[in-house]
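Letter by letter, the chains look like this.
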Amino acid sequence: MKLGNKRWFAVFVGPTFIAFCIAFLVPFIMGLYLSFCEFRTVSDAQFVGLKNYISAFSENSDFLNSLWFTIRFAIASVISVNAIAFLLALLLTRGIRGTNLFRTVFFMPNLIGGIVLGYIWQLIINGILYNYGYSITSRATFGYWGLVVLMSWQMIGYMMIIYIAGVQNIPTAILEAARVDGAGAIRTLFSITIPSVMPSITICLFLTITNSFKLFDQNLALTAGAPLKQTQMLALDIYNTFYGRIGYEGVGQAKAVVFFVLVALVAVLQLYFTRSREVEN
Amino acid sequence: MKKIKISNIFIFTFLLGLSVVFLIPIITVVSNSFKDRFSISQSPFVLPNSDTFVGVENYIKGIDDTGFISAFFWSLFITVTSVVIIVIFTAMTAWYITRVKTRLNNFLYYLFVFSMIVPFQMVMFTMSKIANTLRLDNPLGLIFIYLGFGAGLSVFIFSGFVKSIPISLEEAAIIDGCNVFSTFWLVVFPMLKPTAITVAILNTMWVWNDYLLPYLVIGSDYKTIPIAVQYLKGGYGSIDMGAMMAMLVLSIVPVVVFYLTCQKYIIKGVAAGAVKG
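Sequence order for the protein chains is A and B.
Mapped onto numbering that gives the first Met the number 0, the consecutive letters of the first sequence carry residue numbers 0 to 280.
Mapped onto numbering that gives the first Met the number 0, the consecutive letters of the second sequence carry residue numbers 0 to 276.
Pulled out of the complex, with its shape left as it was, chain A reads as follows (with noise of 0.2 Å):
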């Protein structure tokens, strides 16, 4: 075919490709450069070296106490989602009366946005323990777990969706075969259904664990950090240190460097982990 020529090229990737450089492309490389600066505007920039990189994580423990905080988050909240998620999609695969009315259900917090779902809870939690004489932002406990549950209440219903299809493609020829051989519930479960759904636990550990760790509307609507940032994730951090205080545009985007590069380790190795035990049908 003659399509390799210039103008079939400038035609089928031009627009898209020039919008990914000026939206992402010369933003991330600039992003880079610009962690090593001192800068107010992006224009009067100062090469500095690593002395935003050693603020952030000297000048206070803001960095290091949201880091703590969303890992944290993301370890309760990561089992939490895929747990529940998983025992929906067993129960939901075997033919019950109501599974359709179920599924929508469970599915519907999913298309709420962030900010919306964090005014949600907080009304919620809040009147919950105003019984008590709290709020969402007494104890940074409460917020730590109100955003656990506000992050399974959203994320259990895609996750559930995942894992039907994963539980749905496996032969029931095999099924029937381990029972045949006497295998009961519990063995077919961790003999047949769990390998047999490894690429769905792939990806749903995949999205569980980088929105865990990217999540900003939720926190910023449910507790904006309170108290005393003990409840700022890593997202929200950068966010206020970016926009929060003149002057340390240079550290928030050295701090946004470093997030980006935990994330991108953390998803890699968790998907070389998954997908090693992944099992060719």
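Be careful, since some hints might not be right.
Below, a list of computed lysine-lysine pairs in the DSBU-like style, where the Cα atoms sit at most 35 Å apart [claimed, not checked]:
#, chain 1, residue 1, chain 2, residue 2
1, A, K5, B, K100
2, A, K50, B, K128
3, A, K213, B, K192
4, B, K162, B, K263
5, B, K192, B, K100
6, A, K213, A, K50
7, B, K60, A, K213
8, A, K228, B, K60
9, A, K213, B, K128
10, A, K5, B, K192
11, B, K267, A, K213
12, A, K228, B, K232
13, A, K213, A, K228
14, B, K263, B, K4
15, A, K228, B, K128
16, A, K213, B, K232
17, B, K60, B, K232
18, B, K162, B, K267
19, B, K162, B, K100
20, B, K162, A, K213
21, A, K213, B, K263
22, B, K162, A, K5
23, B, K128, A, K5
Treat the hints as calculated values from the structure; they're not laboratory data.
Given chain A, put chain B in place with the hints provided.
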């Protein structure tokens, strides 16, 4: 046989209970949106009664304060236009770089894939400065930026599908005298339709709910729904809870309508998008 039935009843009851738990937050918000704003925070789980019921007052106040009507139409305009543009252009790009095997195209593919794992905070400051400099700080500019940001996932999903369709149809079309452009639109794109729906659904869910990107690029001049809701919070602790509840309900309604009308495609899209991922 009987044993199975009993366990099914047990499971059904469990799922029913869980469904109620899932719906309570939404029901609570709806019920509070009709209560006077001082009786919300303290007793959100009490239904409105003759003392606390205020009719649609909260809705009127909230719509006035936030400019919700215009926010709704901006959200609608930005989402629909962005999604259409993303689908058209990334389908073209994905097909081209998958079919024309050059080093550059291969490199572009990996660049698009790479962009998917980069968190927004990495580029938010520089991107919003560039958008300002290039005068993209308006709804049309925002749509262009969404094309750039949505490109990663969309190109990735389209490419995965293009790989699975036979090239012979395209070659036949070329021999029959189609040029490259008409080959794509008349032969390839119709085959890409199911994938296009997946891409459209995933991008709709993202763009409609996106808060930070539009906020940083165009600020409060053209509020979208998430920006309008966040705008209510305003200064320190001065939320009008009544107006907030009403706005939460109004934000949820379009989403629920969209979900109930396109449920089949959304569920399929989510499952298909994940397999490709």
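Verification of the supplied hints:
Restraint check for K5(A) and K100(B): satisfied, since their Cα atoms lie roughly 14 Å apart, inside the 35 Å limit. Of the pairs offered as hints, the one joining K50(A) and K128(B) holds, with about 23 Å between alpha carbons and a cut-off of 35 Å not exceeded. Between K213(A) and K192(B), the direct Cα distance comes to roughly 31 Å. Compliance with the 35 Å bound is thereby established for this hinted pair. Of the pairs offered as hints, the one joining K162(B) and K263(B) holds, with about 25 Å between alpha carbons and a cut-off of 35 Å not exceeded.
Pair hint K192(B) plus K100(B) holds up; C-alpha atoms about 23 Å apart against a cutoff of 35 Å. A hinted pair counts as satisfied when its Cα atoms are at most 35 Å apart, and K213(A) with K50(A) qualifies at roughly 25 Å. Among the hinted pairs, K60(B) with K213(A) is consistent with the structure: their alpha-carbon atoms are about 34 Å apart, no more than 35 Å. At roughly 32 Å between alpha-carbon atoms, K228(A) and K60(B) fall within 35 Å of each other, so this suggested pair holds.
Restraint check for K213(A) and K128(B): satisfied, since their Cα atoms lie roughly 22 Å apart, inside the 35 Å limit. With a C-alpha separation of about 27 Å, the suggested pairing of K5(A) with K192(B) holds against the 35 Å cut-off. Restraint check for K267(B) and K213(A): satisfied, since their Cα atoms lie roughly 25 Å apart, inside the 35 Å limit. Distance check on the hinted pair: K228(A) and K232(B) sit about 18 Å apart at the alpha-carbon level, within 35 Å; holds.
Pair hint K213(A) plus K228(A) holds up; C-alpha atoms about 17 Å apart against a cutoff of 35 Å. With a CA separation close to 29 Å, the supplied pair K263(B) and K4(B) stays within the 35 Å bound. Annotation: proposed proximity of K228(A) to K128(B) holds, straight-line Cα distance about 27 Å (limit 35 Å). Of the supplied pair hints, the one linking K213(A) and K232(B) holds, its CA atoms being roughly 23 Å apart against a limit of 35 Å.
Distance restraint check for K60(B) and K232(B): the Cα-Cα separation of roughly 14 Å lies within the 35 Å cut-off, and the hinted pair is therefore satisfied. Among the hinted pairs, K162(B) with K267(B) is consistent with the structure: their alpha-carbon atoms are about 20 Å apart, no more than 35 Å. Restraint check for K162(B) and K100(B): the C-alpha separation of about 12 Å stays at or below 35 Å, so the hint holds. Only pairs whose Cα atoms come within 35 Å are accepted, and K162(B) paired with K213(A) is accepted, the gap being roughly 31 Å.
Between K213(A) and K263(B), the direct Cα distance comes to roughly 29 Å. Compliance with the 35 Å bound is thereby established for this hinted pair. Between K162(B) and K5(A), the direct Cα distance comes to roughly 22 Å. Compliance with the 35 Å bound is thereby established for this hinted pair. For the suggested pair K128(B) and K5(A), the alpha carbons sit about 31 Å apart, so the restraint of at most 35 Å is met.
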